[in-house]
Amino acid sequence: MKRYWLVVLVMAVTCVVTSCGDYSEVEDLAVVVGMSMDETSNHHLRVTCDIMRSSESGSDNTSANQNQDMLVTGEGLSMASALENIQKKLDKRIYLSHNTLVVLSDRVISDRFASMLDELERNRELRLNQMVVVVRGDADQIWTISNRSETPLAITIRQAIQNWEACTDAFRAEQFRMLRDWNAPYGVAHLPWLDPQAANWVAGLVFVDPRGGIAWWSICPPRDNGALWLLGDTRNLVQKIVFQDPYRGKEGQICIRWGHTHTTFGFRYHKNKLYVTVNWWGNGYIEAMSPGHVADRTTFKVLEDQAGRDIQRDIHQCIMRMRSADVNLWRMSLYRTAPQLFRILERKDPSWWKKCDVSYVIHPHIVHSGLSTRSPG
Amino acid sequence: MRKEQISRYQLILLLIWLTMGTGVLVIPSVITEFTVTDAWMAVPSLFVGGLLSAGIARVHVKKFPNLRVTGALLATAGSAIGNVLIIWYVSVVFVVGTVVAREFTLFVTMVSLPYTSETAVAVIGCASVAYIAYVGIESFARANEFIVPLAAVVLPLLILLPLTLCDVHQFYPVFSSGWLPVWKASIVSMFVYGLEFSLAIQLVPNLRSPEKLPNDIVIAASISTVLILIVVLLTVGVFGYTVRYLQYPVLELIRVVRIGRFIERLDTIYGIAVLMTIISKLAVIHLAMCTGIQDLCKTRDYRWAVLPTGTAMFVGGLYFYRNVAQMAYFIEHVGPSYLLFTVVGVPLLGLTLQRVRFHLKRRARKGG
Amino acid sequence: MVKRPTWGPILVWLLSVCFVVIAYLALMFQWWPDFQPLYPLELVFGTATEWLFGL
Amino acid sequence: MSMTATEKLDDVVTAVLGGKAVLFQDGLGTAFIWDVESWPGRQVERAENEPTLQGPQEAFVENRVLNIALVRKRLRSPDLRILDFTIGERTRTTVSLVYVEGITKPRLVQEVCSRLSKVCIDGVVDMNVVREWIADAPRTIFPTIEETERPERVVSGLLQGRIAIIVDGTPMCMVLPATFAQFITSPEDYYMHYTLALPLRLLRHIMFWSSVLLPAVYVSLLTYNQDLIPTPLVQKISSQRAGIPFPTVFEALFMMFAFEALREAGTRLPRAVGQSVSIVGTLVIGEAAVRAGIVSAGMIIIVAATGIASFTAPALGMVQATRLLQFVFVLCAGVFGLYGVAILGIVLIVHLASIRSFGVPYLAPVGPTLLTDWKDALVRAPWWDMGRRPQEYEPMDRKRARGRR
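Protein chains in written order, with the numbering used here: chain A, 1 to 377; chain B, 1 to 368; chain C, 1 to 55; chain D, 1 to 405.
Pulled out of the complex, with its shape left as it was, chain A reads as follows (with noise of 0.2 Å):
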């Protein structure tokens, strides 16, 4: 018995001396919830923390609407050197675990994605349910914008971005999100545009094909939906439609609401051809009309029409946009539904997809809904 106690205390004693290198205050961390990234032009990364502040000395907080951002910019070869030096700056610790929006500049993008991505996903304090959001220009301008909550910026443009992914699964942007896509044999990775001057600082979406294309796509609802119909499933979202009353002969102007709209493509292979169905089908109800219409099944029919002659504009738009920039997006759909075709298609002629014949099948459905209203839209 003595013995085994002999060896417990030596068990605690080695315990309690060789242990606690994890250990440390929580007010003596930097916790960083937002990160930018920049490339210099010497071809070095610019890395700016937002780290949150917290509201030291003073237990009354009166002044609640002060900033509560405190910014830190670092340079280095890699993400880790730069944090190196802004640790050098910072007399607290940084700790990444809490972070949740990465901003890449444009350059990021087009020199070191791929070397960016690993980076962030080496690092072990970070998470991969972060966002990472492109914006054109200097990356660090993101932080330029005026914060009127009390919560962190990057926390505020996190929350606008999650506004958006009710919308569409196209503005998840997680990281591990993106990653499935880019790491995918022949994915293309998508990640929110944002852009500090536009209203709601969301501008639309960058396509990034691990062979070097970017594509930029600006989305602008509810005039033009195209990049959003491509991606497919999307919810509640408005379209604006102007068409020709059968009764009266005159333009009405009409704004519907897809409840939920999904988007398939089919390929055939004929003839030493590929050809291309766009299937696009969506559920949608009148949300607002210019008034004196009668909707009844004939007007049902033509608006029902227009908008599948809309959507069909809008898709081919983007299919020939996504063709000059570049950016496949049917290379991964075309391997998951055939990949023994995909193969042959490769071989012989890996621009297929600029050549290939697209057709479309769209089917809008329009509900009978007794809750639309007759105001203008």
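Hints are computed from structural coordinates only; laboratory data are not their basis. Errors might be hidden in some of the hints.
Stated by the list, open to error - Below, a list of computed lysine to aspartate or glutamate pairs in the DMTMM-like style, where the Cα atoms sit at most 25 Å apart:
1. B:Lys184 to C:Glu42
2. D:Lys236 to A:Asp22
3. D:Lys236 to A:Glu75
4. B:Lys3 to D:Glu394
5. D:Lys236 to A:Asp69
6. B:Lys3 to D:Asp136
7. D:Lys236 to A:Glu150
8. A:Lys89 to D:Asp227
9. D:Lys236 to A:Asp91
10. D:Lys73 to D:Glu45
11. D:Lys236 to A:Glu125
12. D:Lys236 to A:Asp305
Fit chains B, C and D to the supplied structure of chain A, relying on the hints for placement.
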């Protein structure tokens, strides 16, 4: 000394923890090394391995309903060669234990305490495992039962939450490159984790109904196969090919869950659950080793061996596998044939020796 | 009273303590850092695995 | 008034020393002993250590005979057996073992008898002397024998197939064997509607574990696992902690120590003063300490919450155990963070599982699983659904009443 006995339910729980402990960490990354989209097809191999173990267990309990592996080796191969075989068996269990101990320190270090020395982590692990082994299998099995209701609450949560992030497209195309990668991917789970079930044979004297051991192994194998299958499906569905770049895919799976503003950062719950299962696994391995040594030294109790061998196991883990790569190499490239030889080959050797001795004796009797 | 064979436990204790001390000191002071104690196992069973399963 | 006859002079001497009258008759070899003694003592009063709102309010007193009468008043069965032991070479205290024949497992009675007969001591001043002699797992901090001052609780224990031990001079009664779940249940659970008993028991279970773990989890969240705190809360906590000179671990240990001191002072002082001391202590000193910047407000909340949580356990022995365990867990949290706490938790559960109380596993009915007994562990099934006595005590007569399932 009172005989310690465990019920069938307790045994099944122990066996499930035995595979899940490190299997849930290692199997997904081993399988996805070879194939990602078809990873789920490689998981049932664990069940096949379990069947293999169950078959061996069946033979064992038919012939020796009251003996453990080491006892049976002694009975079949005679005292001299039997002792050699026992030494081999104990050394294999020891090496398996070092791997698991190394995984324990590695897991804690990577997940929670990166700046704490691995020695300190090993010391607390060793202390807890030694305590469990010292207390004995019966109390430990009861403690497992006590944890089950808790696990029943947490486990569905851990499974359901990542389900919302899952993407079915990640499983297409099916059979992207044929059967060969699937076969290669299933070897480790079949011959390393499936054969680990045979450690239960070492517990035969402690079973209330040893004749049901093969059935219990099959039940435990099927449950753990289903659990691992769920895990593999989830990891691949959430991460796709990124799985290959992650050290612990399952952990990252829980780390990315974020629902609403507050349901996130659940990875520590998961980490603690894994920690508990690894400790359970280590405790079973340690008990098997200690009882083997007990048979070797022919003492009435095994408890004297708990502390020295436990310490040796943890230090051995640190000493044998300096880094993750060495350990992964050992598990993937040495493990399958090593365990296959030990679990199937050594008992066969024992049986052959028994036959030979039997014939020799008969001939001697006839001749004399 | 059963006569207890005492050499076994003593041997096990001695072996373990020796192993722990040597291995730990070797770890701490990096004696022979490229020495791999499991090399024979890796050689034999690594080859066996490759031969059996094509891994 | 009871009378016994004896032929031995020793018995006569004992009887006289025990305040009894002895009648000798000329020419007769036997003496008659008459129980005429009347020791000074108090009358039956309300239960003070186990107060309940509903249910009977009588409590045991220091008189053994009166205590047995209180039990017998409620259990008028001819099968009620009382075995007397005289323990203590000098005090010669009578210890009564009470059980119901036909329900209690005979081996259990034998075991307790043999343990009681092995007690060898000069004096029994309190029940605890006997308890420490006969209890299992002597080194554990967890109580393995239930103690109660409520006669009706003893009766329900007896009907479960357990054994009660009444020691003369102690206003308490031991009931054994005891399991972990027993210490979390309050007698009141049985006196209120069963639907209400479930949430209350759940609350008590949660409170038990939080009284053990709460400070440790708080310390490890603040010092090792800061990534688990929600982001807005990190800001709040770090601004609270700013300027506090001590590390969180020492802050926690210091506050817990102070709280324990106050609690101890509260029990030692006269009742009227004691309450004001504890209120002054917790509120005034805590508030002052926060204002002075010695401890953070969060720590005060945690320590106070832990204290409150620990008081929800109905059994005093269990409360004491949690008080001690908290410190161990906080130390572990300070050294290894949440993982240290988890590992210590595993060890604790294994330790609990290794305890047996008179052959009954301490964690029954969860470990080992006895599904029929779950009706009275976390939930309390309605009385009409509990047709069987708890199986964990292996009673002779499994059904509670004849004509039942």
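Checked hints:
1. Between Lys184 of chain B and Glu42 of chain C, the direct Cα distance comes to roughly 19 Å. Compliance with the 25 Å bound is thereby established for this hinted pair.
2. About 22 Å separates the Cα atoms of Lys236 of chain D and Asp22 of chain A, which keeps this hinted pair within 25 Å; it holds.
3. As the CA atoms of Lys236 of chain D and Glu75 of chain A are separated by approximately 30 Å, the hinted pair breaks the 25 Å bound.
4. Distance restraint check for Lys3 of chain B and Glu394 of chain D: the Cα-Cα separation of roughly 20 Å lies within the 25 Å cut-off, and the hinted pair is therefore satisfied.
5. For the hint pairing Lys236 of chain D with Asp69 of chain A, the CA-to-CA distance comes to about 14 Å; that is within 25 Å, so the pair holds.
6. Restraint check: the Cα-Cα separation between Lys3 of chain B and Asp136 of chain D comes to about 18 Å, which is no more than 25 Å; the hinted pair holds.
7. With a C-alpha separation of about 12 Å, the suggested pairing of Lys236 of chain D with Glu150 of chain A holds against the 25 Å cut-off.
8. This hinted pair checks out: Lys89 of chain A and Asp227 of chain D have alpha carbons roughly 23 Å apart, not beyond 25 Å.
9. With a C-alpha separation of about 19 Å, the suggested pairing of Lys236 of chain D with Asp91 of chain A holds against the 25 Å cut-off.
10. As the CA atoms of Lys73 of chain D and Glu45 of chain D are separated by approximately 16 Å, the hinted pair is consistent with the 25 Å bound.
11. Distance hint between Lys236 of chain D and Glu125 of chain A is fulfilled; the C-alpha atoms sit about 21 Å from each other, no more than 25 Å.
12. Distance restraint check for Lys236 of chain D and Asp305 of chain A: the Cα-Cα separation of roughly 57 Å exceeds the 25 Å cut-off, and the hinted pair is therefore not satisfied.
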